[in-house]
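Undergrad: What follows is each chain in one-letter form.
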Amino acid sequence: NKSRGRGTMTSLRRFRCDDLFKYNNINLDPFTETFQLNFYFHYMSQWPDFLFMAESPDKRPMGYVIGKAEGKDELWHGHVTAVTVAPEYRRIGLADRLMHLLEDISEQSYNGYFVDLFVRQSNSIAIGMYHKFGYTVYRTVLDYYSGEENALDMRKALPRDKLKKSIIPLKHPVTAADIEW
Amino acid sequence: QDMAARLVPIYEALDGGQPKQALKLITNMMKKKPASILTVLKALALHRLGSTDEALALCDQISSAQPPEMDETVLRTLNLVYKQMGKNEQATNMAERAWENDQRNEEAAIQLFYSYAREGNLAKQQQHVMKMSKLYLRPREDYVLWAALTILLQVPSDAPPTHPMLGLTSKMFEKIAAEGRMKDSEILLVYLDILERMNKPQEALRILSSSDVANMIKLPFERLKTLAHLHERVEQWDEAIKLYRQLLTDHEPDEWDAYKGYIACIQKKGFLAQDVEELMKLLKGFQTDQKTCLCRGPFLAEIELESIKPREGEGNQAIVSLMLQYFDRFGAKGCCVYDLKPYMLRHLDTDQARAQFGETLLEKTRGVSDSEKNLRYYTSCIQIQRVLGMHTASHMTDAALLSLANDLVNKFIASAEEAVKKAKQHREAAPKGSVAEDDGERLVGSDLVLVAVHILLEMHFKSTSEQYVYQAIAILELSLVLSPSNFQFKLHLLVLYARLGHIRRASDLFQSLSIRNIQLDTLSHIVLDDALRYSPPHARPITDTILHFHKQNVDQTLESVAQCFSHHAYSRIEDISRLKKRLQSSHTYASTLTETLFFNMILYAPTAPLIPDEPDPNDLLPFIKQLASNTKTDVIDAKYDVLRALQLNEDVESIDTWQPETEQPILTRLIAEAPMCQCTTSVRAYGRTKEEQVEILRLRRLTLQFVFDAFIASSPKADELRDILLCINDVLAIPSVSASMGVLKVEEQTGRTQSFDAIRWNTVRHVFEAIITVLELCAEPNGPAVQTLPGKLAAVHKGCEDMLGLIKGMLAQKDHAFIAIPAFFSLVAEVMFYVHAMMKKAHDILCPYVPAQPSSRKGKKAAAAAKPPPASELQKVLAAFGVQMVGLSESISLVLNGVLTSCTVSSPPLVLLAPFDPAQTSIDHLKQPRVATLIGDALSQTQTGHVLALQQVRLVLTARILAFKVFG
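Sequence lines, in order, name chains X and R.
For the first sequence, the numbering used here begins at 7 and goes up steadily by one.
For the second sequence, the numbering used here begins at 736 and goes up steadily by one.
If you're looking for bench data, these hints aren't it; they were derived computationally from the structure.
Just so you know, not all the hints are guaranteed correct.
The calculated DSSO-like cross-link candidates involving lysine-lysine, where the alpha carbons are at most 30 Å apart (straight line), are [as the list claims (entries may be wrong)]:
1) R:Lys1076 / X:Lys177
2) R:Lys953 / X:Lys171
3) X:Lys28 / R:Lys1068
4) X:Lys28 / R:Lys1167
5) X:Lys138 / R:Lys1315
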C-alpha cells in the first residue's frame, strides 16, 4: 500500500465507451483534449486494461487516466498518455491516485521497467506535481509540441528496474526523431 | 520477383507521404510495361491526391479481371485501397476472392474475417469463422472463441437472462475454459459479463474459485472488487464483508464501492451490533491514522451508515452532527456539496431544519480566518444553501436575494482581481516562457458567480423583467474576463445568449469551448436549436461538423472492432459496438440530416422569392427536383416507430446548477416561462419531452416530403411554385414553426395546455424569426444578391402580406400541418402593428443623442469631438429599453461616453442607433462586426466596474440590433 493518504474517495473502474457521452465536466477544461473516437478505440483495442475512470458517489465523472505499454527489452515500460481531473474534484489527491493506478498497471499487468510521460516545459504546475509523485526529468525533447515548445520526458522507475538505470538523466537534449517508440 | 523489387521506391514514396512522386514513378513504369499491380498503386496515389472518383474507377476496372492478372498481391493491395477509400463492400469482395483462390491460406481467411467485421456483416462473419474453426487444425487464433464473440454481438443489449444465444455463448465459453484455452483476463471478463447478463453469479464464483483464474485479473483491487461483489450477489454477506475489508485495509482505503458494498452487507444482515462495531472500528482507525486521516471515504462512510441505520425515534441529531463535522473537515473542497447532497436532502426534512443547517454552516465559515480558505468554505456553504432551497422566496425577500447576489459577485471579483494580479506578477518575475499565460486552474470562489446568476434568473422568472437576464450576462462576461478558462461561465453565457437570439456571441462561445468530436453529439443541442431558428448561417458550420463526425464514426467503430479481434482485446468488442449503435440512432444526427436538407434548399436555391424582380421562379424547379431525387428516403422518413427509436445523447449534467429540489430544471424554465424566450423550441434536452421531439422532427420531415412531392409528382404552375417557395423560405424552413406545432400537437393529445397567450406569442415570434432569417440569408456574402435596405424592408413588409395570403391558401388545403394554427391570420396583423409602433419609438428616443455619422474615415475627428450626452439623459435612453443600471450609476456616464466615442471612431455599429435614413443605409451595416468585440477591445484596459457597466450597455446594443432587424 503506497500511503494513498488523501481524500480521493472514488470508485475506480474501467473507462467505458458510455463515459464519452458524459465526461464533459472533465473535458470542457481547456487543457484536456477531446480526441477523435479513433484515439480512444486505438487504446481500448490494444491496451484494454489501461483506461480507468474515477466516479464519485453520486456517479459524477471525476477524472480518468489513459495509458499504454511500449518499448523493447529494458525499455519496456508504461506510458501516461492522459491523466485529467474535473475542476470540482481537484485538490483532493485524485491525480496522485490515478498515477499510482497507472504505475500499478504498468508493474503488475505489464511488468514494465519504468513509467514515463511527456509534459510541456512551460507547464510548471504539472511538472511540480509529477516531481511530487516521484518523477524526474530523463531528457528534454526539442520542439516536441508542434515545433513550438520543448517537452520534458519524465520517468519513474518500477521495482523491476532494480538499479534504476532507466531514470539516469541524459546529458543532452534530443529531438522527436530520437524517441525510440 | 523482379517486379516486387521495382515496386519498392513506389511504396517508399507512398509511405513517405509523397503520392505525387509515386504517381510519377508509376506512370514511367507503366509506359514500359503495364501491370495490374501498377494500376492499383496508381489508384492509391490518386486517392491520396484527392482524386478518389478516378481512383475508384481504376480499382473497379482491375477488380473485374480474372487470374492470373489477379494474383494474391493484386487482390491484397486492392483490398487495402478499397478499405482506405471507405469502400468496405468492395474490399470484402476482394478478400473473398483472395481466400477462395486458396482456402489453405489461413492469413487470407483471417483477413476475410476482419473484412466482414469492418462491414458489420455479423451473419457472414459467423458463417466464415465457423468454417475456419473446422478448416485449420492448428489454428493461429481461437476461432471457436471468435465465433462465440460474433454470436454475442448479435444478442440485443436488453435481452432477457434466458435469451438462447446467451446460453449458447456461455456453453462455448465453458468449453473454452474447460480445455484450458481461457488464457487471460480479456476472455475471462467477457465470460463473467455473459454470466452476469444471465444472472448467474454463482456460476461466476465457481469459475473464479480457481486462483489461477482469479489471478488473471492482475490488479488486486479490481480482483477483490469483482469477488466481493459476486459474494454479495449470492448473499454470502460475511465473505463479501471480509473481501471488502481486505480491499480497504490492504489496497484502497478510499474506494467508495467497497464502503458502499460493506455497509449494504451489514444492512442485509440486519445491523448486527458486532458488524457495526467492527466497521466503526475500521473507520475510526482510518480517521485517526495519519496516513489515511485525509481520506474522505471513512468519514462519508460513517454518514452513509448512520443514514440507513434504523432509527428509533431519536431524530436526525446524530447525522446532522456528522454532516457538520464533515463540513468542518472538507468544506474547503469543491466536491463537498456533491458529497453531502443526498444525505442532506434525505435527512433535513423540514424547511426549518434546512434553514438551520445552512445558518450553522455560515456561522462556521465565519470562524475560518485565512482569507483564501474562508472563501473556499464560504463557496461550499453557499452551494449547499442553494441545494437546500434557501435562496427562494420562502426564505428570503427579493431585496435580500439581490443583495446576496451582489455580495457573491463582489466577493469573487475582489478575490479574483487579487489572484489575477498576483499571477501576473509571478509570471513577470519568472524567466520568459517558463510560466504559461493561463494555468487553467479555476479561481477560488468562481462558483459564487454561478449561484448569483441563478439567483438573478430566479428573479427573472418571478418578475418576468429582462433586466435580470442582462445583469446575469454582464456578471458572467465580467467574470470570464477575469477567468477566461472557466468553462462554466461560458456554458451559462452560451445558454443565455442563445435564448436571447444573440447567435453570433453564442457561436463564438461555442467555438471557444472547442466542442468537437463526440461532444458535437452531446453538447451541440445547447446552441443548435436557437441557431437554426435565429440564424441559420451560424447553425450551418455546426451541422456540418456534426455530419462529418458521424460519417467518420461508423467506419472507425467497425475498424476498431476488427482491431479488437486482432489484438485480443475481447472485453472491448461489445463496448465499442454499443457505442456505434448509440451514435447511429442519435437524435441530433437524425435531425441534423433533415435540417441540412432545408439549408440546401434555402441557401443554394438560385432564386430568393422575396426579392422583387427576380428571375422566373421556374428556375428553381430543376434544383429542387434534383435535391429531392438525391435524398435518401430514410432522411425524411416520418414514421413514428423510426423516430421513437432515436436516442437522446445529450449530456444534461455538464452545466452546474446545484438546483434545489423545489425548482424545475432552470434551463427549461428559461424557455417555458420567460417572455423573452417563450419559444418553446429551444428546450430540447432541458425539458422538452422525447415525445415532443419526435413530433417536431416528424413535422419537419413531413414538410420536406410535402415540398418534394409537390415538385416531383406534379409540375406546378408558376404561381403555385411561387407560393411553395414562399412557404419554404418564410415559414416552413423555420424549425420553430414545426416545433411549436409539434408541441401543440402533443399538448392536444395529452390534454396538457399552455396558456393560449403563450402559444400566440410564440407564433408571433416565429413570424419575426422568419423575417430575420430571410434578412440574414440575404446578408450572407455568398447568398442571393445583396439588396439595399429600402428594398429589403419593402420585401419584408411584402413578405408579411404574402404570408397572410399563404396562410389562407394553406388553410384551404386539407391535411396539412398548418391547419394546427387557426389564429395565424390575426397574428400576422399583430406583427405589422408592432413593427410600426416600435420603429417610431426607437427613432424618437435616439435621434437627439446620436452624433452625426461620419461619411468617410476622414470624418472621424469631427465625430469624436461630438459632445457626449449628459448621464441622466442616457439613463433615460436605457430605461426606455427596459434596462436599469442597478448600483452602477456612477460609471454610466463615463462608460457610455467611451462607447459612443469608440463606436463613432469605428463607425459601423452606431448606424443602428442612428436616425434611420433609408436612402443612405444599406444591408451591409447589419453585417458589421459584433458590437461586443468593438467595445471590448476599446475598453479592455478599464477597471472592472466599468467593464461591468459596459457589458450591460453592450447587451442593450445587442438588443437594439435584434430589434432593428426585427422591427426596423
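Undergrad: For this structure, which hints from the list above don't hold up?
TA: As far as the earlier hints go, 1, 4, 5 are violated by this structure, in ascending order.
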